[in-house]
Amino acid sequence: FPPVSFLSLHHLCLLLPSLPTDATAVRVLLSGDFKVSQAETRPGNDASDQLGAAAMEASLRAHRPAALLIFAFLSLLSVSSSAAQEIQILNAERRIDLSSQVAIVFLTLKVENTGKAAASDVLLAFPPTEAEHLAEVKAQAASGKKRKKTYAHLIVEPTDVPDAPNGAKGFRLALHNPLSPGETTTIEVLYMLTHSMEPFPAEISQSDPQLVYYRDSAYILSPYRIKQQTTFIKTPSTNVQSFSRVEPTNRAGMELKYGPYEDLPAYSYSPVLVHFENNNPFAVVEELVREVEISHWGNLQITEHYTLAHGGAKLKGVFSRVDYQSRPSASGVSSFKNLLARLPPRVHSVYYRDEIGNISSSRLRTDSRKSELEIEPRYPLFGGWKSTFIIGYGLPLEDFLFESTDGKRYLNFTFGCPLSGTVVDKLTLKVVLPEGSKDPSAVIPFPVEEHMETKYSYLDVVGRPVLVLEKKNVVPEHNIPFQVIY
Amino acid sequence: MPPQTMSAKTDATIGVNGTAKSTSNQAPPPMALPANLKSDLLNKLSLKSFKLKTKQQELLLRVSILFLVYVLAFITRLFSVLRYESMIHEFDPYFNYRTTLFLTEKGFYEFWNWFDYESWYPLGRIVGGTLYPGLMVTAALIYWGLRFLRFAVHIREVCVLTAPFFASNTTLVAYFFGKEIWDSSAGLVAAALIAICPGYISRSVAGSYDNEGVAIFALLLTFYLFVKAVNTGSLTWSLASAFGYFYMVSAWGGYVFIINLIPLYVLVLLITGRYSVRLYIAYNCMYVLGMLLAMQIRFVGFQHVQSGEHMAAMGVFFLMQVFYFLDWVKYLLSDKRLFETFLRITVTTTVGLAAVALGVGTASGYISPWTGRFYSLLDPTYAKDHIPIIASVSEHQPTAWSSFMFDFHILLFLFPAGLYFCFKRLTDATIFIVMYGLTSMYFAGVMVRLILVATPAVCLISAIAVSATVKNLAQLLRTKSKVTQGGSSKAASGSKASSKALLDQSQPFQRNGAIALLLGVFYLLSKYATHCTWVTSEAYSSPSIVLAARGAHGNKVIFDDYREAYFWLQQNTPTDAKVMSWWDYGYQITAMANRTVIVDNNTWNNTHIATVGRAMSSYEDEAYEIMRELDVGYVLVVFGGVTGYSSDDINKFLWMVRIGGGVFPVIKEPDYLVNGEYRVDKGAAPKMLNCLMYKLCYYRFGELMTEYGKPPGFDRARGVEIGNKDIKLEHLEEAFTTSNWIVRIYKVKPPNNRW
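Protein chains in written order, with the UniProt record's numbering: chain D, 1 to 486; chain X, 1 to 755.
Treat the hints with care, as some may be off.
Just some of the chain D residues that point at chain X, by a computed CB distance under 8 Å [said to hold, decoys possible]: (1) 176; (2) 180; (3) 356.
If you want the footprint, here are the derived chain X segments under chain D, 3+ residues with CB under 8 Å [stated by the list, open to error]: (4) 554-563; (5) 733-741.
Honestly, the hints are just simulated from the structure, not real lab data. All of these numbers come straight from a predicted model, not from anything done at the bench. Virtual Cβ for every residue (Gly too), placed ideally from N, Cα, C.
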């Protein structure tokens, strides 16, 4: 997480999980507004299909730099005349935090309706390369004066922008109160990009620091005219090898400042490239399969299969144990050897193993509020190295399984990956229900793919229904509760 | 009925505690006692009105003791699972595990036709035709059975627990065997002895998933069924023994012992004039059927009728026919002199024919000569001179006295006593067990690992000794007490006392002596139990893949370097990479790292192993040529210099030199020695200091401080400072070294670009 000093305090509330976390609140939600909440998720599911289609289209696209160039060229040419031109952005500020392997971007937009009709939604635009790596988009609208600001979460959903150049992807923010002509409002957007930093050089030796490229545009890509905008980029260290200049550009310590730029037309784009040192662990979980098995005897058994990789610059040539042991500060700075898994409290029978047996290097700390499992893979991970392992644990059922008023049971559990600081490329969550349970359905605050399976376990006759939920590009912000009702 | 059976059971447990001293000859296993006491307390409260007849009581007692022994045999083998984890141990079990996994995944026919590309690169291995499938099929059947019953077990768990499960079954067989050759109390003692005997435990702890685990069960079962068949003359039992033999053949190469011991036994019976129709039926049925069944195992096939090791059985089979024929002729011919002439002619022609057949068979190559391993059994010095690869294996070494003591403990002294009892009561069955005991004891002396085969015999014979002794002593005590009781009530009526009592009274301190002797026996047996438990826990329950040591503060330090390295190989090398290592690690690399190896523990091709030995003992550029020829991508060496782990490749290196030199005379052992001494420090031979193995083990080791107060590059396994600290590698580069340096992996560089 970026430090507080860089972000203003209200940004932080965006970072925090927004859904009710305690069980009672969920119970109210489920017993009372159950229908509504389901209805709300429906469009989201439809939209996920669109997103998938968009990602497909993007992946079909040509080489990345080439696309960017053409994109920039076109965007300079485009004398914008879009349909959504009744809105303009008075002031935009973008803060890009590159201190971890995930690029975290905060966007503050001051939006004005210049048209004649009331505007009910605002559009965001992303270049296709970014849209592909977009893990999470959250938005909130601020209202009120400085001290008494209140925030309201906005529903964000992908949408087609018909006249967007070069396949730019759009997201629609539905405003709670339509913006009447002449009115202004402030919208804050948080989004995260995974795999957005490219190691360069792509192969380093054990003693080298890891340098990465970050590509973006100096101008904020937007379907609207922006009166004034500034972009801040925060790098993890002061070691910035080079950065593109789009005047005015300033660099102070760990911060780069692009802008302010005045009065840019819609879809303005000016590619910039920042080359800097980033030795943060690029721990990428390429695939995570979490299996949550409900036993009505009082246990919730979680089994997590990880395929972990170091997504940073590949290790070139030798790995020397002498150097690694005797000069820890100068050798293998970008490698990592341990990870922290945050598990729910009251966890028991924790195990950590892989297919050839138990891995003895792990430590478990528990207290009444949380459990922390510190694990070390069998060997330190250098760039390009992989490891697979399994973490399993049991939890008391009464903490997670509840009964709703209509006689159904529901499971309230956390969705994302418990390993902190990792990015999950593909997460499959399997909820194994007790044998004989019927009609399971999931309530999840973001789009996922769903299907059913059957699993046979101890003394089963007809097999247990398994609800399988799949999601790509999962970041720690997805560690929010979801419900499975059966 | 249920309440009755319930109370019957409770009575029985009381019986165990109450009457154990007098009726049962064997103290119940120590581990079971506390549980018994508890149930005793509970049961005293319940109904005690049901009085069982003595016979029923005895039966219940026997069943419950046997049950406890069964459980004990299982749980005493679980030390390693509790201390480490449920994992496969050692080297060979990894191959068995890998094949079992293949069998359960792909099915039997795929398994039978499996050609394994991952071992013996570039030769490969026809797995289906070169292994004994009994173990794998057994484990797979158990696995499928459990799966069918919807127990979601993993195949690994099944494999880990197969050996203890079969050890438990062996105790049952031992009981019945003991009952057959002596009586049921001897059977009980035998079951209890074999349940915890270290000689057997060494190969059957949980995780030791090896052929011997099920083979000892099969061996004892075959012997038991055969003895039963000889005793009864029943076709059913001999048929059963043929199937037992089939199972043994499918499980272990040690079946050769059966197929030689049984003919030998038959021969002895014939010579001692104990020929009977029972024997004729038992042996013929067992041999013919057993042979046909054994030939179904592909690894055995026609060897069973062609190889030298099996000829004895065939000879005895024909001899039996001759005997029977003579018997029949004797019955027909009333004239004795005529018969004698006939006998002379028949015997001469038979022996002549047999000799000619054997000579022609051997000369034409139809009958293959004995294999090296078989030779080395008959002549312990044979392997040392001729086949270094057999001699290099530690379990093929001649047995030291200490390991006899270690594995048998008091049984070593009870064994001769048991032999004495057997000779005192010679029957067909006791002759068998005596022969089994004596031959297997000889083989146990030749090779360490064959202690395993001797264990059941030693246990059975010792059980006879214990049982007979205790029975005699207890009888003495009983008659004595009866006499004294009678004396007190009926005022000394000496005439009523039996002749035995009279005999007893002639020796004054007999009663006290008997008590002392009984106590002595119990003391010895309890010592045996504690010794067995100690040996099991200390010596035989470490998986050898994971090493454990005590840290400076008494805490347990685990060295998991092997798996660290194997897992690194599996995850971070190309899937078709070939790994060169000494053959010891071959099975583990294919099973855990899933990579192709050049040689492995199935040492069927001596030349190939010698090639690897040669590469390891050559200079780097020569070795590079060999490695290029073999497509080697990675070289793996095991090095204990940092941790003081002594069974590493430097200590095994002389065997590599010997085996390599045995095929390639370029490699000469004296080049690596200084005045016949093997050293790695500054005084080492120059060839030693520059050979590939030395370089790979000690690469950059000279920079490392291993021990406080010692110079850098101090080898803790050998306690010297290494001689060559400035090692440069030209064609290889370090790819991975585990955290304690135990396994080091090097990558073979592609050839230099010429431009």
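Cross-check of the supplied hints:
1. Taken as an interface hint, residue 176(D) does not check out: its beta carbon lies about 50 Å from the nearest beta carbon of chain X, beyond 8 Å.
2. Annotation: residue 180(D) was flagged as interfacial toward chain X, and the flag is violated, the nearest CB pair being 60 Å apart, outside 8 Å.
3. Interface restraint check: residue 356(D) against chain X, minimum CB-CB distance 5 Å, threshold 8 Å, status holds.
4. Evaluation of the coverage hint for the segment 554-563 of chain X: fulfilled, as 3 residues show C-beta separations to chain D shorter than 8 Å, against a requirement of three.
5. Requiring three or more residues with a Cβ within less than 8 Å of a Cβ of chain D, the coverage given for the segment 733-741 of chain X holds, as 8 such residues are present.
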